[in-house]
Amino acid sequence: METKCCDMIRDIFLNIHALFGFIFALYGFLKTKTNGFNCELS
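Just so it is clear: in the sequence shown, position 36 is 36 by the UniProt record's numbering, and no numbers are missing.
A couple of the hints might just be wrong.
[Stated by the list, open to error] Pair by pair, the computed Cβ-Cβ distance ranges are:
#	residue 1	residue 2	range
1	Asn35	Thr3	27 to 37 Å
2	Cys5	Asn35	39 to 49 Å
3	Thr3	Thr34	38 to 48 Å
4	Ile23	Thr3	26 to 36 Å
In short, the hints are calculated from the structure, not lab data.
These numbers were taken from a predicted model, which means no experiment stands behind them.
Cβ atoms here follow ideal geometry from the backbone N, Cα and C, with glycine treated the same way.
Go ahead and model the full structure; you've got the sequences and the hints to work with.
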């Protein structure tokens, strides 16, 4: 039971870590895309 609980916590932590990594990558991608778009406008 103890190891199962630890595994569950570890899985949740890994999922949250992956989610944050995905959001951060998406944010960085959109930021560079909008910067390039602003450069084209001006």
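The hints, checked one at a time:
no.: 1; hint: Asn35 x Thr3: 27 to 37 Å; verdict: violated, 47 Å
no.: 2; hint: Cys5 x Asn35: 39 to 49 Å; verdict: holds, 45 Å
no.: 3; hint: Thr3 x Thr34: 38 to 48 Å; verdict: holds, 46 Å
no.: 4; hint: Ile23 x Thr3: 26 to 36 Å; verdict: holds, 30 Å
The structure does not agree with numbered hint 1 stated previously, though it agrees with all others.
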